[in-house]
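Student: Chains A and B supply the protein sequences, listed in that same order. If you're matching positions, the first sequence starts at 31 in this note's numbering and goes up one per residue. If you're matching positions, the second sequence starts at 143 in this note's numbering and goes up one per residue.
Rather than coming from a laboratory, the hints here were simulated on the basis of the structure. Computed from a prediction, not measured in an experiment: that's the story for all the values here. Keep in mind that a hint or two might mislead.
Below, computed lysine-lysine pairings styled on DSSO-like, alpha-carbon distance capped at 30 angstroms [as the list claims (entries may be wrong)]:
#1 Lys426(A) <-> Lys207(B)
#2 Lys287(B) <-> Lys230(B)
#3 Lys426(A) <-> Lys471(B)
#4 Lys403(B) <-> Lys392(A)
#5 Lys230(B) <-> Lys426(A)
#6 Lys451(B) <-> Lys207(B)
#7 Lys389(A) <-> Lys286(A)
#8 Lys191(B) <-> Lys426(A)
Computed list of chain B residues with no C-beta within reach of chain A, every gap over 12 angstroms [claimed, not checked]:
#9 Ser163
#10 Ser208
#11 Gln256
#12 Ile302
Glycine included, each C-beta is placed from N, C-alpha and C at the ideal position.
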Amino acid sequence: MKHPLTWQVVSLSISALVALPLLTLAWLSVSADTEIWRHLVDTVLTDYVRSSITLMLGVAALTLLLGIGSAFLVTQYSFKGVRFFNWALLLPLAMPAYITAYSYTGLLDVAGPVQNFIRNSFGLEFGDYWFPEIRSMGGAIFVLSFVLYPYVYLLARASFLEQSQHLRDVAQLLGYTRRQAFFRVTLPIARPAIIAGLSLALMETLADFGAVSYFGINTFTTGIFRTWYGLNSVASAAQLALMLLGFIVILLTIEKSSQKRAAYHTKKSAKPVVARPLSGGKQILAIALVSLPLLLGFLIPSAKLLSWALADTSQLLQASFWRLVGNTVSLAGLTAILAVCFALMIAYSYRISQSRVSKWAKKIVGLGYAVPGLVIAIGTLIPLAYFDNTLDGILKRNFDISSGLLLSGTVVALIIAYLVRFLAVALNAVDSGLGGIAQNMDQAARSMGLSPFSVLRKVHLPIIRSSVLTGVLIVFVDVMKELPATLVLRPFNFNTLAVRAYELASDERLADAALPSVMIVLVGLVPVILLSRKIKQ
Amino acid sequence: MKKALIFTLVAVVSACQPQGSNEVNLYSARQEALMQPLLEAFTKETGIKVNVISGKADALLTRIKSEAGNSPADVLLTTDAGRLHRAKTADVFMPVESAILNSRIPSQYRDRDQQWFGLSVRARPILVTEAVPATPITRYEDLAKPELRGQICIRSSGNIYNQSLTASLLEQLGEAPTQAWAKALVSNFARQPQGGDRDQIRAAAAGQCSVVVANTYYLANMLASQDNSDDFAAASKMRVIWPNQNDRGAHVNVSGAGVLKAAPNKINAIKLIEFLVSDSAQRIYADVNFEYPIKENIELNQILNSWGKFKADNLNLSKLGDNNAASVKLMDRVGWK
Numbered sequence: 031m032k033h034p035l036t037w038q039v040v041s042l043s044i045s046a047l048v049a050l051p052l053l054t055l056a057w058l059s060v061s062a063d064t065e066i067w068r069h070l071v072d073t074v075l076t077d078y079v080r081s082s083i084t085l086m087l088g089v090a091a092l093t094l095l096l097g098i099g100s101a102f103l104v105t106q107y108s109f110k111g112v113r114f115f116n117w118a119l120l121l122p123l124a125m126p127a128y129i130t131a132y133s134y135t136g137l138l139d140v141a142g143p144v145q146n147f148i149r150n151s152f153g154l155e156f157g158d159y160w161f162p163e164i165r166s167m168g169g170a171i172f173v174l175s176f177v178l179y180p181y182v183y184l185l186a187r188a189s190f191l192e193q194s195q196h197l198r199d200v201a202q203l204l205g206y207t208r209r210q211a212f213f214r215v216t217l218p219i220a221r222p223a224i225i226a227g228l229s230l231a232l233m234e235t236l237a238d239f240g241a242v243s244y245f246g247i248n249t250f251t252t253g254i255f256r257t258w259y260g261l262n263s264v265a266s267a268a269q270l271a272l273m274l275l276g277f278i279v280i281l282l283t284i285e286k287s288s289q290k291r292a293a294y295h296t297k298k299s300a301k302p303v304v305a306r307p308l309s310g311g312k313q314i315l316a317i318a319l320v321s322l323p324l325l326l327g328f329l330i331p332s333a334k335l336l337s338w339a340l341a342d343t344s345q346l347l348q349a350s351f352w353r354l355v356g357n358t359v360s361l362a363g364l365t366a367i368l369a370v371c372f373a374l375m376i377a378y379s380y381r382i383s384q385s386r387v388s389k390w391a392k393k394i395v396g397l398g399y400a401v402p403g404l405v406i407a408i409g410t411l412i413p414l415a416y417f418d419n420t421l422d423g424i425l426k427r428n429f430d431i432s433s434g435l436l437l438s439g440t441v442v443a444l445i446i447a448y449l450v451r452f453l454a455v456a457l458n459a460v461d462s463g464l465g466g467i468a469q470n471m472d473q474a475a476r477s478m479g480l481s482p483f484s485v486l487r488k489v490h491l492p493i494i495r496s497s498v499l500t501g502v503l504i505v506f507v508d509v510m511k512e513l514p515a516t517l518v519l520r521p522f523n524f525n526t527l528a529v530r531a532y533e534l535a536s537d538e539r540l541a542d543a544a545l546p547s548v549m550i551v552l553v554g555l556v557p558v559i560l561l562s563r564k565i566k567q
Numbered sequence: 143m144k145k146a147l148i149f150t151l152v153a154v155v156s157a158c159q160p161q162g163s164n165e166v167n168l169y170s171a172r173q174e175a176l177m178q179p180l181l182e183a184f185t186k187e188t189g190i191k192v193n194v195i196s197g198k199a200d201a202l203l204t205r206i207k208s209e210a211g212n213s214p215a216d217v218l219l220t221t222d223a224g225r226l227h228r229a230k231t232a233d234v235f236m237p238v239e240s241a242i243l244n245s246r247i248p249s250q251y252r253d254r255d256q257q258w259f260g261l262s263v264r265a266r267p268i269l270v271t272e273a274v275p276a277t278p279i280t281r282y283e284d285l286a287k288p289e290l291r292g293q294i295c296i297r298s299s300g301n302i303y304n305q306s307l308t309a310s311l312l313e314q315l316g317e318a319p320t321q322a323w324a325k326a327l328v329s330n331f332a333r334q335p336q337g338g339d340r341d342q343i344r345a346a347a348a349g350q351c352s353v354v355v356a357n358t359y360y361l362a363n364m365l366a367s368q369d370n371s372d373d374f375a376a377a378s379k380m381r382v383i384w385p386n387q388n389d390r391g392a393h394v395n396v397s398g399a400g401v402l403k404a405a406p407n408k409i410n411a412i413k414l415i416e417f418l419v420s421d422s423a424q425r426i427y428a429d430v431n432f433e434y435p436i437k438e439n440i441e442l443n444q445i446l447n448s449w450g451k452f453k454a455d456n457l458n459l460s461k462l463g464d465n466n467a468a469s470v471k472l473m474d475r476v477g478w479k
């Protein structure tokens, strides 16, 4: 890949892959029935929009607080256990949101142990005492925030660590206190990274179906499925999905235009930030604060899961259970590596050409994450089956052989759908890494006769190694948790841990669903720990 | 080059084709874990291997439609009649003439054109606790009584069983009375709809409400879970009321299946459906999943027996599919979330 044009062609084809399901949505929505649309506007649409926006604002506020707050504490101060918290704060990422929702409901619901305990110990009846309703908007904001804050934490932390001590020293020379320096220097520089993390958390929030539908909240996404299943209108459902996408585009555009044309770069040789040691009461306070997200986002829900799982461990002895683990890991691993490679090509193509084509390629790829998994699945299914059937028809007519369904119903179809949905995640991670490297590095390397590809390999990759690994990790965990696309697109007799957990949980057999869920968390832990080793500074 | 390409294609293709005819491919909207004991019994008896993909009915139907003539699916299995009717309307089923199916499945539980067949009956009665207000509840229509204000727990209108119940009322009562009923029902809610059927039973047992509408197999499953004593205790507090016994009967739905037009293994597909209505399979439905058998005169298990016999609504179940969209719109209008 010597020529920038090659890069552009590659990035364009990757974005075409993502665009295909989105175009399929547009094609589907053309035939939408205006009568259904009028019904939706007259009855439920305002409710969908209002709940989605409330949910989004709530999750935004709470994930920012949790993500930036904990990243600030673990990077700026040193206290007991700080090295442990550095990676442990990522653990909630391994919890599928709907599983956390199920286990909190099991605990805090009107019939759960906590309220039972209150009633039994004080001789009260339901209604005699006040207790927050877990299955509510507040509960959904709580659950989603504690599961999603690691996106903000991960990127904010990386950015805080990359900033040099020199900047801080200068700020202090200018008379800023440590706190002022954080708010006026560190935070603004980290802003692009934080926004990248936040947008991932919000897109995931908007696309969530499992947790919100269990809590009985009617968001835009639950509305899409209600329209499809209930009103039997794929076209109107596709129309709603496009509206959701339009909303995301508007948000991203507002964000981009408010971000002033500033670029911050640091030289890697710079001195890393010196963490200030804490002691006494301040140390205890810091430990308490960083324990909170870990406790609520991971320990409590997984303890509930574990107690269910340990009640019946017979599944562990079945070969079929370990086949699930094998399927899940290989699928997630392969997709994660592909996604990061593709993301690197797209991001790098834009970097070396700055062309409009690659800019659009980047934008399109960034959208997939906001679309609910099942919608992506349908958008992938239809064109792939069309391709398969057309190819089969041509071969039959001309050569009298049948290719049947070449891609549909294979793992390839599944991986394509995953890429469409999760490339955005990989791109965000890679992009924030590349963004930190000044352009004059490229110019220097090119002037020494290196091709763009060699520059990427020899100069950039070593510098952005941690961002690349971050991308691999998040995509891996995301694929492992992915459910709706897996359900529809998978081959015969092919199960993953998430599929097994969901099938049991949706049949209201939470206890049986616990073991596969615990396994998702355990397998998710492996990359989290690996990552934390690699990026330890 | 061209030859090599074709050669590779042929090799790939032949490797992908399902081997032999001793298989049957099932697209199942019913969870795999629930189907497993039945499918294992089928394989044991016939030697035919069953390949399964489970998922949401509408998604599987979309997959079948897109895969078109090349679809490997032989049988589509769903958990409600509305979806079977939808598949029929989408023109993916083929008519099946089978003396076994016709003799074992009562006519209201199969399609008039023999395109789909009910396999198990799912009843949705009213359940009450001791705390229920002293007003007679004998019909679904009674759920609208003002005496029941703040007493009813029922799941969301996004749930197919509620959609089917409303669809059956639409057929029996007509649009305006059904809407008035649904509106009054919503004003009797103890809380905004949330959770599944079991959660409604748990909430009633905890005292949040006293009247629940739920499918019986959820209640039976809770009663069978001795080890999980909380669920057993909650379910023991419920009394089953079979509604509308003096008129049309209690609302029922079926899980069922049809053979697909493009099925590569049609004979095996019919064998599978016939097996599912055999006495032994019907007993598995009743004993493992606590559903009512579709075939008459199958011995019921003890839990189902304890609720007594009931008269089921004999509405043709295709109507549930016909009225589904109308019932969702109606529920949207009355604010049933």
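Student: Decide, hint by hint, whether the structure agrees.
Tutor: Hint-by-hint comparison with the structure:
1. Lys426(A) <-> Lys207(B): holds, 20 angstroms
2. Lys287(B) <-> Lys230(B): Violated: Lys287(B) and Lys230(B) sit about 38 angstroms apart, past 30 angstroms.
3. Lys426(A) <-> Lys471(B): Violated, at roughly 46 angstroms.
4. Lys403(B) <-> Lys392(A): Violated, at roughly 43 angstroms.
5. Lys230(B) <-> Lys426(A): The hint holds at about 29 angstroms.
6. Lys451(B) <-> Lys207(B): Outside the cut-off at roughly 40 angstroms; violated.
7. Lys389(A) <-> Lys286(A): Holds - the C-alpha atoms of Lys286(A) and Lys389(A) are around 13 angstroms apart, at most 30 angstroms.
8. Lys191(B) <-> Lys426(A): It holds: about 29 angstroms lies between the C-alpha atoms, which stays within 30 angstroms.
9. Ser163: The claim holds: Ser163(B) sits with its nearest Cβ about 15 angstroms from chain A, beyond 12 angstroms.
10. Ser208: Violated, because the least Cβ-Cβ distance between Ser208(B) and chain A comes to about 4 angstroms, which does not exceed 12 angstroms.
11. Gln256: Given that every Cβ of chain A is farther than 12 angstroms from that of Gln256(B), nearest at about 23 angstroms, it holds.
12. Ile302: At roughly 7 angstroms from the nearest Cβ of chain A, Ile302(B) sits no farther out than 12 angstroms, so the non-interface label is violated.
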